[in-house]
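Guided by the hints, dock chains C, R and F onto chain W, whose structure is given.
Protein chains in written order, with this note's numbering: chain W, 1 to 371; chain C, 372 to 742; chain R, 743 to 1113; chain F, 1114 to 1484.
Derived by calculation from the structure, the hints in this document are not laboratory data. Heads up, the beta-carbon is just placed ideally off N, CA and C, and yes, glycines get one too. Please note that a few of the clues may not be correct.
[Stated by the list, open to error] Okay, derived cross-link-like pairs now, PhoX-like style, lysine-lysine, Cα gap no bigger than 25 Å in a straight line:
id : chain 1 : residue 1 : chain 2 : residue 2
1  : F       : K1133     : C       : K517
2  : W       : K86       : F       : K1275
3  : W       : K356      : R       : K940
4  : F       : K1133     : C       : K727
5  : C       : K517      : C       : K731
6  : C       : K647      : W       : K306
7  : R       : K884      : W       : K146
8  : C       : K378      : F       : K1473
9  : R       : K1102     : W       : K146
10 : W       : K7        : C       : K517
11 : C       : K727      : W       : K7
12 : R       : K884      : W       : K356
13 : F       : K1275     : F       : K1311
[Claimed, not checked] A few chain W residues that don't get close to chain C, going by computed Cβ distances all over 10 Å:
id : residue
14 : R48
15 : D169
16 : K300
17 : R327
Number of protein chains: 4
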Amino acid sequence: MGFSFGKEFRVTIFGESHGKVIGAVVDGCPAGLRLEERDIQCELERRRPGRGLVSGRGEDDVVHILSGVSYGKTNGGPILMLIHNKDLDSTWYERNRYIPRPGHADYTAFVKYGGHNDNRGGGFFSGRMTAGFVMAGSIAKKVLAKMGVRILAHMIQINGIKAREGLSDEEILENVAGSPVYCADRTASELMVSEIRKLIEEGDSTGGVIECRVSGLPVGLGEPIFDPVEGVLAHALFSIPGVKAVEFGSGFGLCSMRGSQSNDELYLQNGRVVTKTNHSGGVLGGITNGMPLIFRVGIKPTPSIKKRQRSVDLRTMEETEIEVVGRHDPCVAIRAVPVVECVTAFCLLDLMIMAKMIPKVMGEEDGSKGS
Amino acid sequence: MGFSFGKEFRVTIFGESHGKVIGAVVDGCPAGLRLEERDIQCELERRRPGRGLVSGRGEDDVVHILSGVSYGKTNGGPILMLIHNKDLDSTWYERNRYIPRPGHADYTAFVKYGGHNDNRGGGFFSGRMTAGFVMAGSIAKKVLAKMGVRILAHMIQINGIKAREGLSDEEILENVAGSPVYCADRTASELMVSEIRKLIEEGDSTGGVIECRVSGLPVGLGEPIFDPVEGVLAHALFSIPGVKAVEFGSGFGLCSMRGSQSNDELYLQNGRVVTKTNHSGGVLGGITNGMPLIFRVGIKPTPSIKKRQRSVDLRTMEETEIEVVGRHDPCVAIRAVPVVECVTAFCLLDLMIMAKMIPKVMGEEDGSKGS
Amino acid sequence: MGFSFGKEFRVTIFGESHGKVIGAVVDGCPAGLRLEERDIQCELERRRPGRGLVSGRGEDDVVHILSGVSYGKTNGGPILMLIHNKDLDSTWYERNRYIPRPGHADYTAFVKYGGHNDNRGGGFFSGRMTAGFVMAGSIAKKVLAKMGVRILAHMIQINGIKAREGLSDEEILENVAGSPVYCADRTASELMVSEIRKLIEEGDSTGGVIECRVSGLPVGLGEPIFDPVEGVLAHALFSIPGVKAVEFGSGFGLCSMRGSQSNDELYLQNGRVVTKTNHSGGVLGGITNGMPLIFRVGIKPTPSIKKRQRSVDLRTMEETEIEVVGRHDPCVAIRAVPVVECVTAFCLLDLMIMAKMIPKVMGEEDGSKGS
Amino acid sequence: MGFSFGKEFRVTIFGESHGKVIGAVVDGCPAGLRLEERDIQCELERRRPGRGLVSGRGEDDVVHILSGVSYGKTNGGPILMLIHNKDLDSTWYERNRYIPRPGHADYTAFVKYGGHNDNRGGGFFSGRMTAGFVMAGSIAKKVLAKMGVRILAHMIQINGIKAREGLSDEEILENVAGSPVYCADRTASELMVSEIRKLIEEGDSTGGVIECRVSGLPVGLGEPIFDPVEGVLAHALFSIPGVKAVEFGSGFGLCSMRGSQSNDELYLQNGRVVTKTNHSGGVLGGITNGMPLIFRVGIKPTPSIKKRQRSVDLRTMEETEIEVVGRHDPCVAIRAVPVVECVTAFCLLDLMIMAKMIPKVMGEEDGSKGS
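In isolation and in its complexed conformation, chain W is listed as follows (with noise of 0.2 Å):
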């Protein structure tokens, strides 16, 4: 259990690494949509390994639609959405079947699921999964897109190495897709880039912080007290492999503010109530407040290394070493930033839903219901 997430449009994620095919369904979209798999298609671009920097897996990946449009538009049934998986060498996974990569899943996996869990390319811990995340997202930011939502992923630090503060959307907007790391700030994203051309060589890896900004949601989403925007948020979040770190508005540098300093004053602005700092991340009580939302996420360096690591051996129940093949991405952070960005939409989307802010049947913009 647990491969579905949202209670009003519900993301169910299948497939293994290794296995034939990867995708999603979703289940609450509006009928009325129109829906192409280019729609789609483009968001895995952005998210597929290559730009230089990461795994030579290439993953030339197609998705199909397979149910839930009818004549180019969402029918209100499940959209199922799946990419085939190539064939792959799975030698070395089968080899050491029994040793958990350090850093891995494969141990709590193993102990889990009684040893009958798929090991090969990390079997559904692997961040191919996301793939998934993006199918169901891209969906979403297109709803979202319709009622005026933006959501803008940049990575701020990768190995210590941090963008400037005070970057504009606007900045974030004309930078980020140049960037490999999609890091807005030039000089930063230069220096990222060498770090992990050293980390290559070196056959080492690490993380990163990436900050999603979303602008145009209106006030009232969240629901108190257990589905505040934050809690929901970061739940869909820590889903997707290697986050270990969340936080909102100011987030852990609130805890050595005083209240007088971290309290945004509220004020008017043609006619709307808007607040000139946003320490919150603009979320109040759990409740968007109208003003952007802004988090931050840190990924963990991505555990597959070339440095020999020492295990145990699941079936002797013997100390041995590990020493993990294979061609791998030394940031997954930077791959990451479209998959926080999709992950944001779907979560926001049923928050959306939930706060009855989407209407039951889209696409009447065109005039052309049902034809």
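Just chains C, R and F now, with coordinates in the frame of chain W:
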């Protein structure tokens, strides 16, 4: 919606700060658990304001168990617990009903509930709601204790003053109860107390960081992909008023580590698989690995301060100012320490039941089934 | 687990027959609904035993609303309602704790809860639990009434005595309140009353069939595939103690019809699509079609009878006999009539909220948002 | 929303009658269960049209398992199963898109989905969706069989022709497979077949009643108050297209019994508590009592008939007529027999997991964990 948490051990919270009662209903507690009001009362005492540093609201709350317990044991039905609120003077709140306090949920609640929210004392956004969290958590703690699980929260930072690193569980256990700020480092505790006193004088407030350590958890808790231990716990923790950041293991610190450093290598100890480092905080792939579960929670400064602040009158839609009166906690993070333990308890118990690790019926220990 | 129903209008029931209280918490009621205790009390009166035909337990229950209502209107938070139980003599139940009464849940509860269930008065299996259903349902009815939805239940059969067919809604409305058995056919009603009196004398009991008609529902309620109106309603209705059968429209009668007879052909009436027959009971493909929703519920005879019955002593595991004492309803179906209405109400309201047909905030009718 | 069922063994259905695929995803199947495509295929064959009496749509469907199985066993992840639809001629449906067929979901779906529903072959309201039910149910049946639970459905009535009462499980097992209508009473079976042939000639249709018997269930299934066995099963059964009535044990018949007759007295048999009669159908207080679970399902006549029927053109909003062409089942109840078994299977397995009666990991029987 949103006042319930948990799939198998389901907690529902109700009440308002200035309403008649505050409390919780718990559905899914195994039958046969010995349970008395004092089991809950003693946890409530820990959360109670006082300790010389906090608000003057004399909450000598007495909890009542109204259902779910027969012959001194849980009977399999929902457990209703509540405390009656004292009559409180709501005049200030009624006068300021349309002027949201900065940093509070007043504005967002006003919009979300169309002005029908109860703003007196913050209504159901009050920190007082956490009494319900403690009621539910104290039952969960009792079940967990029988399973050998121990939860230990302590304060590690207030307004930049940090407890020293490397505190052992034993030190924490020994020192935490004696510290008015729940800090196990005596030197830091004294500094924190001075800081709080200074803030009281100045009518200002601050935030804090709480660390929580859970020992005795079995391997295998957490339900991939979307119910990882981190995600489910963070979901619950962000429901505590004021929480704005959550990190597991080395958290954001992992983002500037290398994989060769952050990976926890595996060893054998008395036939059990263990790690020497614990950067993962006891969770891999969203599943507990048998090492201590460790996380930190960042709590923002109490928004109620004595200084005059800018706000907006929502009836006239004009800018105005507000001065919050009454005595309030200068640092809600302090009272949040036992709350974090209790939320962790009901959340982990839920995950343990999901993972089929809790017997359907408890209490056989004393051989007196049903007598 | 299992004491909650509903996804958006979520009802949680608690209490025991001989415990301290009995009641309900409702999460998800729109804010701004005027709500007083007498709104609930008057529905409770309808369900109350008495009417000359039923058990002597003088349940002069007074309901208390303890949360969720501020300034006379719902505030968006959970509504806690309860009634305090009178002290009752539990001696008989305590003496017979290990001897299950035939037809009751005593045996199954004993096994399920490891002997920790409360058997006094049936514990939480008591028909008295339905007071909680009525509390929740009375709120739902009030919301539905504002949306133009009317729910009307009446008795159509007791121990083989049937009301005549073809009763109009008007006849039912006019006659049902005057009948001690809620039967709108006066002749049948008298026969039923005589039958009940005879059963009282003989210390025996019987069952009944209740019909329920709902008018004013919009087209589009029900969520295919797994939440059709019939499925969701039946789920809720079978939660009423004693219900063993549910059928919609022409129900089992459809099984011996031909399609050419059972299909309801479509016509126009004042620009609305209607059918002349209503064999489907107002539901096609699990979705309401705008015609009256019609269903029937079959309730078994009250299991408490005065005759000596065979049973088993669960402590000694020997066959034995039991004679149930006390005054009981000869026909629980009678009191179930208002309960069926209330369960239908909270179940349909939940479906209406799911279908986005209920405003987020009620009460604008009087123009006094938040005053 | 609504395409998923179950809390712990969660079934999600997708596809459209004339779309690309039809199938199911199952989340929550215990790891370690041997599972092959033919396990599912053989159940699909039972449901397949044919048997001489039904629609000509040659559904030689081949099921594919695309995830969740590794090395021949379930791996703990979601199991995706699908069949590819043949290309079908949709011309008739496209021409009649705005003219709802009486007795079908065409009208209600059109309104609910704003005209974006796929009406071709009924879209996701097609009886063909039940192939997904069978896929999920065939896995559940396999798990249940290992726990000693056997599910047996058979036809007891078609258009008024009834199987004789008192059929033993053995007779049913022996005769049901040989009957083209799944009726275990050979005489009745022949009459039913003649009746169906007559209806085919006349272009008309009819309904039927299916009885289902489940043996081997433990005591203790079902979660009071709102998840009684009857309620949860009825919820699932009403999801089968055409089901309009469900009754347990003596069902509606109980309503004209006396309590002294309907109460099932308790006895001992080989140290087990049993009843001689089984009017309750194996469920008391919503919880299984260890006796066979028995219920009946009433299915309406196939709405597709050859006769000209009245309808409304939803585009022009004028009354019109419609003549449904194509070959259709004269009695969908026949094909529903194996579907009822499969729905019962996944529903009961879910309840068994909820009641903690299913091991977390299966397949230890052959001693080859993970090999």
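How the hints compare with the structure:
Of the supplied pair hints, the one linking K1133(F) and K517(C) is violated, its CA atoms being roughly 53 Å apart against a limit of 25 Å. Between K86(W) and K1275(F) the alpha-carbon distance is near 55 Å, which puts this suggested pair outside the 25 Å criterion. Restraint check: the Cα-Cα separation between K356(W) and K940(R) comes to about 55 Å, which exceeds 25 Å; the hinted pair is violated. Between the alpha carbons of K1133(F) and K727(C) the distance comes to roughly 38 Å, so the proposed pair goes past 25 Å and is violated.
Pair hint K517(C) plus K731(C) holds up; C-alpha atoms about 14 Å apart against a cutoff of 25 Å. A distance of roughly 20 Å separates the Cα atoms of K647(C) and K306(W); the hinted pair therefore holds under the 25 Å criterion. Distance hint between K884(R) and K146(W) is unfulfilled; the C-alpha atoms sit about 35 Å from each other, more than 25 Å. Using a Cα cut-off of 25 Å, the hinted pair K378(C) and K1473(F) holds, with the two alpha carbons roughly 17 Å apart.
Note on K1102(R) and K146(W): the hinted pairing holds, with a Cα-Cα distance of about 22 Å set against a maximum of 25 Å. The suggested pairing of K7(W) with K517(C) is violated, with an alpha-carbon distance near 33 Å, which exceeds 25 Å. Restraint check for K727(C) and K7(W): satisfied, since their Cα atoms lie roughly 24 Å apart, inside the 25 Å limit. For the hint linking K884(R) to K356(W), the alpha-carbon distance of about 21 Å falls within 25 Å, and the restraint holds.
With a CA separation close to 17 Å, the supplied pair K1275(F) and K1311(F) stays within the 25 Å bound. For R48(W), the requirement that its beta carbon stay farther than 10 Å from each beta carbon of chain C is met, with the minimum near 20 Å. Residue-level check passed: D169(W) sits 22 Å from the nearest beta carbon of chain C, beyond 10 Å. Distance check for K300(W) against chain C: the nearest CB is about 4 Å away, which does not clear 10 Å, and the non-interface claim fails.
At the 10 Å boundary, the C-beta of R327(W) stays outside the reach of chain C, the nearest C-beta of that chain being 14 Å off.
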